[in-house]
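**Student:** Sequence:
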Amino acid sequence: MRTTTTIAETRAFLDGARAGGATVGLVPTLGSLHGGHTSLMARAAADCDVVAVSVFVNPLQFGVGEDFAAYPRDVDADAEVVSRSGVDLLFVPSVEEMYPEPVRTTVSVSGLTTRLEGSSRPSHFAGVATVLAKLWNIVGPCRAYFGEKDWQQLAVVRRLAADLSFPVEVVACPTVREPDGLAMASRNAYLDPAERAAATVLHRALLAGVAAVEAGERDPAQVRATMAAVVGTEPLAELDYAEVVDATTLDPVDPLTGELRLLAAVGLGRARLIDNVGVLAD
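Going by my numbering, the sequence shown wraps up at 445, each residue one higher than the last.
Derived by calculation from the structure, the hints in this document are not laboratory data. Please note that a few of the clues may not be correct.
Label pairs and their calculated CB-CB ranges [to be verified]: (1) 169 <-> 377: 30 to 40 angstroms; (2) 169 <-> 328: 24 to 34 angstroms; (3) 239 <-> 356: 46 to 56 angstroms; (4) 259 <-> 179: 19 to 29 angstroms.
Capping the alpha-carbon separation at 20 angstroms, the derived lysine to any residue pairs in SDA-like fashion look like this [what the hints assert, rightly or not]: (5) 297 <-> 440; (6) 297 <-> 265; (7) 312 <-> 263; (8) 297 <-> 263; (9) 312 <-> 339; (10) 312 <-> 174; (11) 297 <-> 170; (12) 297 <-> 342; (13) 297 <-> 441; (14) 312 <-> 193; (15) 312 <-> 330; (16) 297 <-> 341; (17) 312 <-> 266; (18) 297 <-> 287; (19) 297 <-> 404; (20) 312 <-> 171; (21) 297 <-> 339; (22) 312 <-> 170; (23) 297 <-> 343; (24) 312 <-> 175; (25) 297 <-> 171; (26) 312 <-> 265.
This structure is a prediction, so every number in the text was calculated from the model and none was measured. We put the beta carbon where it would ideally sit given N, CA and C, even for glycine.
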């Protein structure tokens, strides 16, 4: 495995691979790698001849008062994880390498970013879209792999690639969960033992919403109330939102019909956790 820290070296390596006929897969990450990330790497390795992983804690996607400074970082541990995962290139740029001057150009995706996470983190998706546009320009034509756990981000990423005609195929991969249902996430490291036990309430709330839809409930307010009630049984959890939306557009649906996505976010101590599940309303 090769490790690079500069844009020029990364671009040269991947351009050379494509010149030799190789296909390229990209797994963009913030680091603090876990089983969800390794599942993306495994899928990329199965699909592509050359796999690149980026580890970059992107300051643009952290708002004022968020956990940019405290976000878990362990480049040596991440490199060890990547080296065991069939990856060919690990790109670990500094903030100065990615943004050598104050950023004056940003990318935003309208509509999809105004609700849900966009309400709680107004600048987040512009930061995600901007760094991905930069990464895709560095990496070049590729398949890019993203987990379904960040469903709203996935919708934004798909639209970004389509609207700006990037030579990128966005590949969605299933959420990877702990045995008790908690979605794997880097911020799970913030949880103390009591909070970790309480965190399962997030997935349980979503499953309760799914059960309500599958039982015939078509009033979105009732489904939201069902999910909120489950979160309300856990004293350590503070509900941010629990919503049911169209799976593709993320728009509200009333009455509920078609492919739906239930999404929720909760606060637990220092951690803010998100999750989602899909359901079909016939």
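**Student:** Run every hint past the structure and note whether it holds.
**Tutor:** Tested hints:
1. 169 <-> 377: 30 to 40 angstroms: Taking Cβ atoms as reference, residue 169 and residue 377 lie about 51 angstroms apart, which means the hint is violated.
2. 169 <-> 328: 24 to 34 angstroms: This hint holds: roughly 27 angstroms between Cβ atoms.
3. 239 <-> 356: 46 to 56 angstroms: 26 angstroms, violated
4. 259 <-> 179: 19 to 29 angstroms: Since residue 259 and residue 179 have Cβ atoms about 25 angstroms apart, the given range 19 to 29 angstroms holds.
5. 297 <-> 440: 30 angstroms, violated
6. 297 <-> 265: 15 angstroms, holds
7. 312 <-> 263: 31 angstroms, violated
8. 297 <-> 263: 13 angstroms, holds
9. 312 <-> 339: Status holds; Cα separation ~8 angstroms.
10. 312 <-> 174: Outside the cut-off at roughly 29 angstroms; violated.
11. 297 <-> 170: 10 angstroms, holds
12. 297 <-> 342: 36 angstroms, violated
13. 297 <-> 441: Measuring from Cα to Cα gives roughly 31 angstroms; hence the hint is violated.
14. 312 <-> 193: Distance ~15 angstroms between residue 312 and residue 193 Cα, so the pair holds.
15. 312 <-> 330: 24 angstroms, violated
16. 297 <-> 341: It is violated: about 32 angstroms lies between the C-alpha atoms, which goes past 20 angstroms.
17. 312 <-> 266: Not satisfied, since the Cα-Cα distance of roughly 29 angstroms exceeds 20 angstroms.
18. 297 <-> 287: Holds - the C-alpha atoms of residue 287 and residue 297 are around 16 angstroms apart, at most 20 angstroms.
19. 297 <-> 404: Status violated; Cα separation ~31 angstroms.
20. 312 <-> 171: 32 angstroms, violated
21. 297 <-> 339: Outside the cut-off at roughly 27 angstroms; violated.
22. 312 <-> 170: Roughly 29 angstroms between the alpha carbons, so the hint for residue 312 and residue 170 is violated.
23. 297 <-> 343: Since the Cα atoms of residue 297 and residue 343 sit roughly 37 angstroms apart, the hinted pair is violated (cutoff 20 angstroms).
24. 312 <-> 175: 32 angstroms, violated
25. 297 <-> 171: 13 angstroms, holds
26. 312 <-> 265: Distance of about 31 angstroms is beyond 20 angstroms: violated.
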